[in-house]
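Peer 1: Residues per chain are reported as follows:
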Amino acid sequence: MLNNFTRSQGNTNDNNYLSLIQQFSNTVTKRDVVNYASLLYNLNFAFSSLKGCDRELPKILRGSESLLQIPDFSQDMDVAHSKNSNNILSQTNNDTFCKILESSFGSIEEFKTLFMNSCSAISGDGFTWLIAKRNSSNMMMESLTNSKNNLDKLFVLNTYNAGSPYINDRLEMMKMLANKANKMQEGKMEMETDDVNSEKVPIFEGMMSVEEARETHSVDVKAQYVPLLAIDGSPKSWLMDYGVFGKEQYLNHVWDSIDWYVVANRLPKSVE
Amino acid sequence: MKIQTNAVNLVERTSAYLSSGLLQNTPAWYDVVASIPPTKKFTREPKITNPTTGRNKTFFKDDRIRVNNKGLYKTRMNQMDRKDSANNLYKPPKLIYLEDRLRSLFFEQHPWELSRPKILIENSLEENFDWSHIQQWEKQLDGESVVQRTLYLLKNEPGINMLQAYNKARFEFYRLRIQQDISQQVAQEEAEMFGSIFRQTSFEHGIEKEQKVIEQWKKKAIQETQLMEVRSSNPSDSWAAPEEQDLEEDFTEGEPEILDI
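Chains as they are written, first to last, in full-length UniProt numbering: chain L, 1 to 272; chain E, 1 to 261.
These are calculated hints, taken from the structure and not from any lab test. Accuracy of the hints is not assured; some may be wrong.
Said to hold, decoys possible - Distance ranges between label pairs, derived from CB positions:
id, chain 1, residue 1, chain 2, residue 2, range
1, E, P158, L, T96, 42 to 52 Å
2, L, K59, E, T52, 47 to 57 Å
3, L, R55, E, F203, 44 to 54 Å
4, E, S19, L, S64, 55 to 65 Å
5, L, T96, E, N69, 50 to 60 Å
6, L, G63, E, E126, 14 to 24 Å
Quick reminder that beta carbons are idealized off the backbone N, C-alpha and C, glycines included.
Okay, chain E solo, but in the shape it has when bound (with noise of 0.2 Å):
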């Protein structure tokens, strides 16, 4: 099969319409495509070594002087063992980070500090905090602060290894968690000593309007199960109500019309 070129050469021949007037207005694409343009090169190329570890991915696997997961030791090669997978070598590797091992041990130990707002729309932050301190004008303190901290702390402090650092840089943030949280239980204390009164807060809002819902639905609910429990039970039971029962113990019972005059 001929290699196709067509849709590769998009930048290359909009270019040539544009220059020969084919096209009057550039498109929008246009230049986002032309500084990063599509690869022209097809053909795969074996990744010997792995860029994260250093690796050569060739190299034989000898795991003869390990104990197996069995206890064991492995006197002979199997042929799975035995057999060169090439297809690995095609493979690109995993992107591993340092940062991802810390987020989530961090989060995995303080699961509720997912659950505070995060701002996820933020086009112009700047993102070069300076983590000789944990708190940041631009930033709010949160888990990413913990992980930043304890990677500057890593670089910077001579003979820390990853767990003291990740303890320090962890309490410190215990320290201003707290510290925010009594300022701000301090300060509507504080305000509702001088006579202040809050609005609900967006939950409280919420719960309230389903509540309102469910009520709703419980008196509804309530009435359809009487309503099936009368069809259910026998008919003529159904009519003798026990307060009425004195009132009309002259009318047959099993003849709805009368009791309905």
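Looking at chain L on its own, in the form it has when it is part of the complex (with noise of 0.2 Å):
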């Protein structure tokens, strides 16, 4: 059917798959569509953003013994003073791209710590982002008055599978979820035991991570995130160059492979 889609729309865009994603997200019967619409979106988004770089081929790392390596500062100390090559200051000239990073983070290195781990971390298939919010409400606001304290953060969200960072009300359908359960459970406790006086505790106390997400950073629906850079975290991308214990050598080779400036790029003009 993507096919079908695809052909019909005579040229693969990006903005096609955008628009597949955003149109049947919360359709069931399509849902097999959205998903490699999605995959197929943040594989070329994901590749959109690298150059390649003046790093050696990679050796595939045998034996387990690669866990226990010594982590290498050599080349933090590049992203925080610019030695580097394929330093972000140097490739964008973009001043204000590396303010945001250091205002949203901490630092440069900071940034760096939370993005490679992050993407480190999942275990299965996923993409690692970097993405911008976007204040559409304020938009109007903003352009007339052109203020500062309209600046908005970066951040630094991870999708699994063939998860989208155009769907931003996962953390409603978490809350769907969780009170269907929730009141299954009711429903069953009631049967098993017709104790009234018995107090309701809560039952989700593994959902209080996403509780207190959804209290500490609400996700505002009226605000647009705008992805800038994504890494392909899932093995199949790795798996075959690195090995098996090679995620770590990976993800340094495409840190190094970052074409910032096209990222520094997609920044949204409000933020700026």
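Hints given; two lone chains; assemble the complex.
Peer 2: What follows is the structure, given as structure tokens:
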């Protein structure tokens, strides 16, 4: 069906996939199409921000001893001080991008640590994204006043399997699921014991983290989330070339290959 | 007084009993005490040199060259300084390890590392780790890893001083700790996104149980305080409750028997 769709559209454009995803994300029967479209879109997006690096070709690391390797600090120094050829600032010539990175994550090093670790922690398929939040409700206001207090943050986001960064109502969906399960559980409890006096204990303690996330960083429905950068953390992208223990090495290579110029240009204007 | 030898010659006597047939079975402690026999030297010998510092304890310490804590120079020895205490010579010297200083420094700087759960009983643990890397297969990453790694670096890296080695080990530790934390968080998030629902943690379970007891106690406490208030106030006031006042107006106040009907 995806093939039919794309054929009818004439060319496989990223925007086509995107419209597909946004159109059918809540439709049950079209879920498979959305999944494939989302995967394709994510992959295209991830490749579009890469440019290749001057590192050596990967050697397949053998033996689990490589897991015990001491962390390599030589690169971090390069991130902090502009010695590296792939330094963010020198590449982009975009001071605002660096400033926003620093204001969102503390420093570029911190951003790198968070980003790389988030990606390396994905155990199945998935992508790690750098996304920018844009308040669309305040867009008008900002264009009028051009004030600085509307400066939004960047976030690091993981999507799993064919998840798409464009579907923002994840927490809503989680809440719906939790409510459903809660109701089922309560029904069961009433069946089992007709104890009216027993207080209903919140069953989904495990949901707390997501609940907390909702409370602390409530997803603004009006806000728009614009992806800037994606890294593919799925095993299929690194397993063949880097071996079973090579994810770390793969991620380092990817970091060196990121085209920061492209990434910085994706930054929405309202954020600047 | 005669030197008491009975207790010390326990092994000899027991083996004599055993060979003569007085004792049938060897006691459980026999092999242990035989391999580590009690000392038979009872004379206290003065330890002239301190083994940790290698300094001679009998050496007269002349403080006259240094400024004392009042900021003054000492020009003349007082009574205490001139007294040569022989007691000191018999005291066992303090054992000082570098590891202990590193440990206390690390846990002073990272007090929450102490709150991490730790396995205390490890009977079959091989302690001979290779500290050329901070992570070990059979040991979880903790403050001790930092200490041991620091010692390894001090020993094996030429021209590295104590602080540099400690900082290097510490940064390696931070890196791995961040990695662990994020991977735990991401794993949880991933599982929740796929629809898994977790059980309560033991902490949450404990708090929930506690909360039940607290709620019961609260009810009881409210009741009792109400009772106390009633008792302490005027008895005639207490029976004339504001909402009952209209109904029982006809009744004379201070007669509880009537209200009870």
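Peer 1: Does each hint hold? Answer for all of them.
Peer 2: Hints, verified against the model:
1. P158(E) x T96(L): 42 to 52 Å: 46 Å, holds
2. K59(L) x T52(E): 47 to 57 Å: 49 Å, holds
3. R55(L) x F203(E): 44 to 54 Å: 45 Å, holds
4. S19(E) x S64(L): 55 to 65 Å: 56 Å, holds
5. T96(L) x N69(E): 50 to 60 Å: For T96(L) and N69(E) the Cβ distance comes to about 58 Å; the hint holds.
6. G63(L) x E126(E): 14 to 24 Å: Check passed, 19 Å falls within 14 to 24 Å.
This entry satisfies every hint, going by the numbered hints stated previously.
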